[in-house]
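Student: So the chains spell out like this:
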Amino acid sequence: MPWLSILMGVPVLGALAVAAVPKGNDRLAKQLTLAVSLVVLALTLAMAFQFDPAGPRDQFAEVYRWIPAFGVHYAVGVDGIALVLIALAVVLVPIVVLASWHDADRPDARRSVKTYFSLILVLEAMMIGVFAATDVFLFYVFFEAMLIPMYFMIGSYGGAQRSYAAVKFLLYSLFGGLLMLVAVIALYSMAGKNTFLFPELIGVIKDPTAQKWLFLGFFIAFAVKAPLWPFHTWLPDAAAQAPAGAAVLLVGVLDKVGTYGMLRFCLELFPDAAKFFTPLVITLSVIGIVYGAIVAIGQTDMKRLIAYTSISHFGFITMGVFAMTADAGAGATLYMVNHGFSTGALFLLAGFLIHRRGSHHISDYGGVQKVAPVLAGTFLVAGLSSLSLPGLSTFVSEFLVLIGTFERYAVPSIIALSGMVLAAVYILWMYQRMMTGPTAESVKALPDLNVREKIVIAPLVALLIGFGFFPKPLLDVINPAVKQTLTSVNVTPFAPAVPATAEKKGAGQ
Amino acid sequence: MEPAEIVQHSGGVIGASWLMIALPLLGAAILLLTGRRSDRAGHLLGVAMSLASFVVAVLVFFELIGLGADSRRRVVELYDFLPSGSLDVKMGLLLDPLSISFALLITGVGSLIHIYSIGYMAHDPNRRRFFAYLNLFVAAMLLLVLADNYLGLYIGWEGVGLASYLLIGFWQHKPSAAVAAKKAFIVNRVGDMGLALGIFVIFTTFGTISYAGTLPLAGNASTGTLTLISLALLLGACGKSAQVPLQSWLLDAMEGPTPVSALIHAATMVTAGVYLVVRSGAFFEGAPTAQLVVTIVGVVTLLAGAIIGTAKDDIKKALAGSTMSQIGYMMLAAGLGPAGYAVAIAHLIAHGFFKASMFLGAGSVMHAMNDEVNMRRYGGLASVMKITWITFGLGYLAIIGFPLLSGYWTKDGIIEAAMEHNQILGWLAVLGAGITGFYMSRLFFMTFHGRRRWEEGVHPHESPAVMTWPLIILSIGSVFGGAFLILGNRMFEFLAPAVGRPEEAPTVHAISTIGLVTLAVVAVGAVYAWLRYGRAAVPEVAPRGSFLTTFARRDLYGDALNEALFMRPGQWLTRIAVFFDNRGIDGLVNGLAAAIGGTSGRLRRVQTGFVRSYALSIFFGAALLVGAWFVVGNL
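First to last, the protein sequences are chains A and B.
Take the first sequence: its position 89, counted from the start at 1, is 89 in this note's numbering, and no numbers get skipped.
Take the second sequence: its position 550, counted from the start at 1, is 550 in this note's numbering, and no numbers get skipped.
What the hints contain is simulated information worked out from the structure, not anything from laboratory work.
Please read all numbers here as calculations on a predicted model, not as lab measurements.
Please note that a few of the clues may not be correct.
Said to hold, decoys possible - Calculated cross-link-like contacts (lysine-lysine; reagent style DSS-like; alpha-carbon spacing at most 25 angstroms):
id	chain 1	residue 1	chain 2	residue 2
1	A	212	A	193
2	A	370	A	472
3	B	90	A	370
4	A	193	A	206
5	A	483	A	472
6	B	174	A	444
7	B	90	A	472
8	B	183	A	370
9	A	275	A	483
10	A	454	A	212
11	A	370	A	454
12	A	275	A	206
13	B	183	A	483
14	A	444	A	454
Required output: the full structure, derived from the provided sequences and hints.
Tutor: In structure tokens, the structure reads:
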């Protein structure tokens with residue numbers, strides 16, 4: 001069964017159907033979108049249950065020739081890493097759809113309501129495609145094409161400065177994307193195998209200089225996308241101006257394409273260059289962790305604050321990717337998933353607050369806990385997941401990244417630990433300013449979460465807590481894929497200084 | 001002698017010991033999820049869950065006792081928690097004399113405080129939420145002490161931090177409470193960095209983070225590694241146990257409701273640092289430098305806390321200073337190695353009783369005095385609240401080391417052990433006992449004796465039975481607990497399989513020279529306090545006092561130091577970073593973009609500039625592409 005093609009086809013058809021809904025019947029368009037996204041979710045879960053972690057690397061693979069002259073294929077397939085990221089995307093989409101129920105109704109929106117929802121479905125198809133692509137050119141196509149729906153979602157339905165933010169987002173991404181295109185084509189021609197198929201390109205480029213240049217082409221594109229410090233300044237604008245739902249998909253999923261690309265393409269295609277640039281990347285990551293957190297502390301706008309926390313979190317992910325240990329790699333992959341849930345919940349709750357009070361300034365709130373305890377409580381849970389509280393899934397990934405990095409690079413890991421303290425400052429200070437203290441006059445009438453909003457937040461909270469205590473299902477899928485990646489990179493595995501097991505064996509013999 | 005081997009266990013009550021954690025956790029979940037629907041009976045569910053957990057702990061204790069002394073270290077495997085590449089954490093519980101001692105204290109004292117809170121929080125509209133958090137705390141604290149690996153401990157460690165945060169800030173409409181809660185969490189996170197680092201080094205050294213896989217092999221690691229591990233863990237311990245230099249949060253934490261101060265910030269959570277040091281004893285014993293640092297931290301804190309206690313007029317803050325000081329004693333003992341572990345834990349348990357009893361007593365007084373905390377407005381309460389007076393008095397006598405009461409046995413045990421180890425440490429501990437004699441007497445006399453200095457309209461009365469019965473039970477522990485644990489080396493023998501034993505067992509004297517000297521010093525402190533606060537009139541407004549008084553009142557300038565060293569530079573750094581990010585990086589980017597487009601400044605008005613920029617960047621990219629092709633040159 002061509003699972004992946006079906007997964008992409010359903011939302012595309014759904015998007016067409018939503019677009020065809022007659023004008024003025026917005027409700028139907030929304031319901032249809034929700035239904036389609038739930039079908040995709042169900043299909044993905046059905047596929048995931050058939051995934052065999054111990055099986056071959058590319059599962060559910062489909063390969064068709066697309067442009068034979070250049071060896072371009074429509075080739076899709078997933079390993080554990082791609083699978084969990086696709087799962088992240090399809091879990092978030094129905095949540096975002098439900099959360100965005102009224103977001104496109106705003107009077108100053110430049111396009112119709114149904115367009116917004118069909119854009120979400122188009123984006124969903126592309127998000128699945130970008131993680132499933134096993135042809136480098138196909139990946140590039142998805143990588144660039146994803147910009148278009150997101151551009152319109154920000155530019156047509158966003159806040160006051162949406163045009164500036166949308167263009168900035170687009171220009172940045174295009175700049176990175178073009179560098180990558182150069183590298184993709186150069187990779188193709190230098191490999192000389194007349195194919196863009198990823199598995200066949202592994203280990204082909206041997207010349208160190210060529211590796212370095214190609215690595216940079218890919219890496220800068222991914223670093224802009226992720227975003228890694230200092231390529232990050234588009235994110236706070238884009239995330240703050242985007243409607244909450246779009247911000248969730250942007251920061252939760254689209255940005256993961258950057259870190260995913262590093263793990264998949266930068267490491268495996270150019271392992272020597274990756275090792276060469278590791279000190280640089282780890283340095284940038286650590287700067288990003290600390291810098292993002294410090295700038296987040298100083299924000300006065302809650303959506304910008306959340307965006308800066310993400311820059312800090314992306315620093316953890318890239319550090320984990322380039323630490324090149326099994327623990328850090330698994331941690332970084334898990335981090336991509338957990339961060340999606342955590343930041344998703346924060347952005348959506350911020351959106352609910354903004355929808356009620358009409359302001360994204362932190363100082364316009366105060367004492368909300370008293371009038372809207374459920375909203376404040378879930379906001380706290382989401383915040384605690386952002387500061388990686390043990391018991392929530394984000395802790396598992398951050399712990400793995402840190403301990404895995406420590407295995408090889410102790411000092412960066414120790415500096416990154418300070419992110420723990422800074423995260424507590426930015427989250428709890430925001431919570432203190434918005435939710436505690438005497439209730440501000442302007443929020444006295446603020447209603448608590450309604451049923452729809454509770455349904456939106458409940459699954460995210462459940463996932464954060466559930467995977468916090470039981471991360472095994474995700475890790476079991478991720479671990480073999482990370483191991484295979486590291487095999488391609490050819491790094492020596494970590495060995496403890498005083499191996500406990502060896503000692504015990506020695507004693508027993 | 002080395003501690004006994006840790007062995008797998010299944011079945012029996014020990015096999016079901018996870019219920020201890022699960023029951024209060026379930027209680028918290030139910031109370032939080034059902035919302036206002038469980039307002040009416042929520043507190044009863046909270047109490048029931050805590051009591052049930054206590055019952056399980058007692059049953060486990062007896063089953064453990066039934067095993068031979070050397071097979072009392074049992075691991076119950078729960079599930080595969082974190083399977084990763086090299087790290088593979090199996091979550092399990094370690095039931096041994098050390099962990100079960102804590103479990104009994106946590107669930108026992110915890111249940112009493114749950115019961116007391118029924119009365120204390122009776123009129124609070126959010127009583128259900130309060131009990132949910134208390135249950136959450138009990139569950140997290142039990143995970144902390146029962147986990148069989150450092151990651152489990154860490155989860156419990158931060159879990160109790162969360163509960164502490166929620167409960168300090170329970171009355172969060174008060175800005176002071178919200179700020180205090182945040183401060184406690186952040187300062188604790190600084191300590192947690194140390195704990196995390198310690199775990200990282202343990203893992204890279206041993207390849208695992210379970211106790212069974214690391215502690216018995218500690219001898220294989222180098223002294224340098226063990227020192228690093230121990231100091232990192234100590235930083236964590238300092239945060240959680242409010243030891244210098246991470247002590248500043250505890251005094252502010254008194255913003256929380258009084259039962260919270262009794263349970264979390266006196267009897268249990270703040271002693272977690274002592275647990276960590278004793279549990280990780282194998283590492284510390286291989287790192288004499290780290291042990292020395294532990295004893296120094298202990299002595300400095302025991303003096304600092306005592307000095308702070310002398311100057312506070314707020315009854316809860318005076319008690320908080322006292323808690324810091326008493327944990328300093330425990331830390332000092334824990335730094336002495338196997339010779340001090342048993343007496344550290346004995347003092348910890350005895351302290352759990354008498355300090356909880358006094359905090360709850362203070363709560364009873366506040367309850368009677370319209371939530372007044374200023375002792376200068378108390379006085380003469382002995383006659384109107386007899387039960388509180390007597391139970392508090394017993395706790396007071398226990399803490400200053402009145403002959404034969406709890407503190408007499410446990411604190412003197414610490415002083416003697418310290419004296420044998422190092423005279424300077426020993427004498428400083430004696431000095432601390434003297435100051436304790438002074439400030440506790442001051443507190444006791446100011447509150448219960450002397451002239452009535454009440455505000456107008458205050459009509460103190462004894463608290464209801466649901467509050468006084470826990471006081472009575474706790475005061476029994478304050479009286480007899482110490483003797484029970486110390487006489488016949490009972491605690492020492494009980495703990496030996498878990499923490500090891502020194503070459504010779506300590507000898508217990510009912511009367512010793514050091515003991516008599518200590519008593520004399522304490523008496524001097526107490527008599528001086530009687531003269532100044534019992535016999536003489538206490539002014540209702542605090543006199544200005546000497547610079548020493550100010551020094552103590554301002555918490556030895558701990559907060560001022562933190563503000564000068566961290567907070568203000570941090571605020572500047574934040575401002576600079578935000579400015580740099582907006583003007584520096586983003587300015588550069590916008591400038592660059594504008595320059596490329598040749599339309600300086602237009603980018604901000606993109607309504608018109610957009611298509612052009614877009615076209616331009618396509619052009620720019622295409623040019624780059626062609627250029628690259630030339631470079632690559634084989635197409």
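Student: Each hint: holds or not?
Tutor: Tested hints:
{"no.": "1", "hint": "A:212 x A:193", "verdict": "holds (20 angstroms)"}
{"no.": "2", "hint": "A:370 x A:472", "verdict": "violated (38 angstroms)"}
{"no.": "3", "hint": "B:90 x A:370", "verdict": "violated (41 angstroms)"}
{"no.": "4", "hint": "A:193 x A:206", "verdict": "holds (14 angstroms)"}
{"no.": "5", "hint": "A:483 x A:472", "verdict": "holds (16 angstroms)"}
{"no.": "6", "hint": "B:174 x A:444", "verdict": "holds (16 angstroms)"}
{"no.": "7", "hint": "B:90 x A:472", "verdict": "holds (11 angstroms)"}
{"no.": "8", "hint": "B:183 x A:370", "verdict": "holds (21 angstroms)"}
{"no.": "9", "hint": "A:275 x A:483", "verdict": "holds (17 angstroms)"}
{"no.": "10", "hint": "A:454 x A:212", "verdict": "violated (49 angstroms)"}
{"no.": "11", "hint": "A:370 x A:454", "verdict": "holds (18 angstroms)"}
{"no.": "12", "hint": "A:275 x A:206", "verdict": "holds (14 angstroms)"}
{"no.": "13", "hint": "B:183 x A:483", "verdict": "violated (41 angstroms)"}
{"no.": "14", "hint": "A:444 x A:454", "verdict": "holds (21 angstroms)"}
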